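Q: The primary structure of each chain is shown beneath.
There are 2 protein chains.
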Amino acid sequence: MPGIDKLPIEETLEDSPQTRSLLGVFEEDTAAISSYCQQLFQAMQRIYHAQNELSTATHLTSKLLKEYEIQHFPLRGDDEVMSSTLQHFAKVIDELSSCHAVLSTQLADAMVFPITQFKERDLKEILTLKEVFQISSNDHDVAINRYSRLSKRRDNEKVKSEVMEDVYTSRKKQHQTMMHYFTALNTLQYKKKIALLEPLLGYMQAQINFFKLGSENLTQQWEDFLTNIGTSVQKCIKHYNMHIVYNDTCY
Amino acid sequence: MPGIDKLPIEETLEDSPQTRSLLGVFEEDTAAISSYCQQLFQAMQRIYHAQNELSTATHLTSKLLKEYEIQHFPLRGDDEVMSSTLQHFAKVIDELSSCHAVLSTQLADAMVFPITQFKERDLKEILTLKEVFQISSNDHDVAINRYSRLSKRRDNEKVKSEVMEDVYTSRKKQHQTMMHYFTALNTLQYKKKIALLEPLLGYMQAQINFFKLGSENLTQQWEDFLTNIGTSVQKCIKHYNMHIVYNDTCY
Chain A
1 MPGIDKLPIE
11 ETLEDSPQTR
21 SLLGVFEEDT
31 AAISSYCQQL
41 FQAMQRIYHA
51 QNELSTATHL
61 TSKLLKEYEI
71 QHFPLRGDDE
81 VMSSTLQHFA
91 KVIDELSSCH
101 AVLSTQLADA
111 MVFPITQFKE
121 RDLKEILTLK
131 EVFQISSNDH
141 DVAINRYSRL
151 SKRRDNEKVK
161 SEVMEDVYTS
171 RKKQHQTMMH
181 YFTALNTLQY
191 KKKIALLEPL
201 LGYMQAQINF
211 FKLGSENLTQ
221 QWEDFLTNIG
231 TSVQKCIKHY
241 NMHIVYNDTC
251 Y
Chain B
1 MPGIDKLPIE
11 ETLEDSPQTR
21 SLLGVFEEDT
31 AAISSYCQQL
41 FQAMQRIYHA
51 QNELSTATHL
61 TSKLLKEYEI
71 QHFPLRGDDE
81 VMSSTLQHFA
91 KVIDELSSCH
101 AVLSTQLADA
111 MVFPITQFKE
121 RDLKEILTLK
131 EVFQISSNDH
141 DVAINRYSRL
151 SKRRDNEKVK
161 SEVMEDVYTS
171 RKKQHQTMMH
181 YFTALNTLQY
191 KKKIALLEPL
201 LGYMQAQINF
211 FKLGSENLTQ
221 QWEDFLTNIG
231 TSVQKCIKHY
241 NMHIVYNDTC
251 Y
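Top line first, the protein sequences correspond to chains A and B.
Sequential numbering of the first sequence, starting at 1, is according to the UniProt record's numbering.
Sequential numbering of the second sequence, starting at 1, is according to the UniProt record's numbering.
Honestly, the hints are just simulated from the structure, not real lab data.
Errors might be hidden in some of the hints.
Identical copies carry no separate label here, and so any pair may be met within one copy or between two of them.
DSSO-like, lysine-lysine: derived pairs with alpha carbons at most 27 Å apart [said to hold, decoys possible]: (1) LYS160 <-> LYS173; (2) LYS66 <-> LYS119; (3) LYS91 <-> LYS158; (4) LYS212 <-> LYS63; (5) LYS238 <-> LYS212; (6) LYS238 <-> LYS63; (7) LYS124 <-> LYS66; (8) LYS130 <-> LYS191; (9) LYS130 <-> LYS91; (10) LYS119 <-> LYS172.
Just so we're clear, the structure is a prediction, and the values are computed from it rather than from any experiment.
Put together the whole structure using the sequences plus the hints.
A: In structure tokens, the structure reads:
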């Protein structure tokens, strides 16, 4: 139904079938938004939890490498090179886990928080207002019903005036809750765009920061380290191969 | 015990208490390496699984954004801008999920695979050889025992010769299995360095590739997109605020 961008608040007093039918369209649209946002919320939660777990696991690995020094290896021998290499790995991996932790925090603040707010505050508010509106509509229907039966019998003036008072207050209540409900549904049509775009912008900005942090501060440093380590590992492998050749000649 | 870097294979025939004591030290060291590698293996598995989950969750988010177009929203209205913006987000996030998937694969090949091989092949081989060596040692002890009882009694020549044959073959077997076991324990002292360094190098290289891929191909492209999107979101927020002001004046 293109072109309709809001529910007419001025029609709430008349409350015609046309207005009710239009309300149905807005309610259907809101249900579709809720369902879509719920799915997006779950996917974003999954990203956040995975990022958190990655940060924790990376930190744990760095911690384990740091602890190599204090392990009880009875044959430690010429282990200083190995120890210092693992300490260096531990340091670099710890720096990476810090970048991951920063990314996690930014995702929590700029992605998970706004979509959670939209879901828990805005979408829940609509549900509450819908319920309140339905209750006041029912109350109004009951009052109208009492009034219509009243006119057939010949009740006393006191009862008549009570019933009419009831119709008046319940219609006023229904009108008020309907205006509130319409306003919230109209507002949601604007909010939904921000609700979808804001967490995505937060996600992208956090990723850009992460790549900047990683590539500017770490990559060059890492590559120098890996070049150095390469030599050391080559030595290890050479040593190992010599050992294999020695053992083969022994047999 | 620094300075000792291998078990003397040439001492396996004599099998003196000194050799056995040295074997004990190597066995203790091997147990410490196994335990340390098991911990590192678990931490690396955690990293790999988290990275995999991150890759999947990112892909799912991109897929959801792509599906915005085919959602049934009864009030679609002027939704083309929103649709094309979400399609753009979907594309960029999908590119990011591809980078994550490449990182996952590289971690599987260059980190998880070598440490799993070391654990499942090299460390298990040591355990098997230890068992085989213990069985042949026991067999030898039984043969020696029979032989020592034999010399006290006066058995016939056939039994004597059988028992001596048994001592000979079981000692030969024990000698062979001990040589194998010693060789494997010595080899492990060289392998352990490679076993620790290889998955770490694989991990670092995969991370460097990931940052390069991310920062070279994506970041500039993303920033241009975010600048464009910024304007669009500003428009949304302005529109939304106007709506709020309008509603406030309506009440």
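Q: Would you mind marking each hint as holding or not holding in the structure?
A: Quick rundown of the hints versus the structure:
1. LYS160 <-> LYS173: within (20 Å within a copy, 113 Å between copies)
2. LYS66 <-> LYS119: between (43 Å within a copy, 21 Å between copies)
3. LYS91 <-> LYS158: Intra 87 Å, inter 70 Å, cutoff 27 Å: neither.
4. LYS212 <-> LYS63: This pair counts as both: shortest intra-copy Cα distance 25 Å, inter-copy 26 Å.
5. LYS238 <-> LYS212: Neither way: LYS238 and LYS212 sit 38 Å apart in one copy and 31 Å across, limit 27 Å.
6. LYS238 <-> LYS63: neither (29 Å within a copy, 49 Å between copies)
7. LYS124 <-> LYS66: between (48 Å within a copy, 26 Å between copies)
8. LYS130 <-> LYS191: Within one copy, since 18 Å is at most 27 Å while 69 Å is not.
9. LYS130 <-> LYS91: neither (56 Å within a copy, 37 Å between copies)
10. LYS119 <-> LYS172: neither (30 Å within a copy, 77 Å between copies)
Going down the numbered hints, you'll see the structure goes against 3, 5, 6, 9 and 10, while the others check out.
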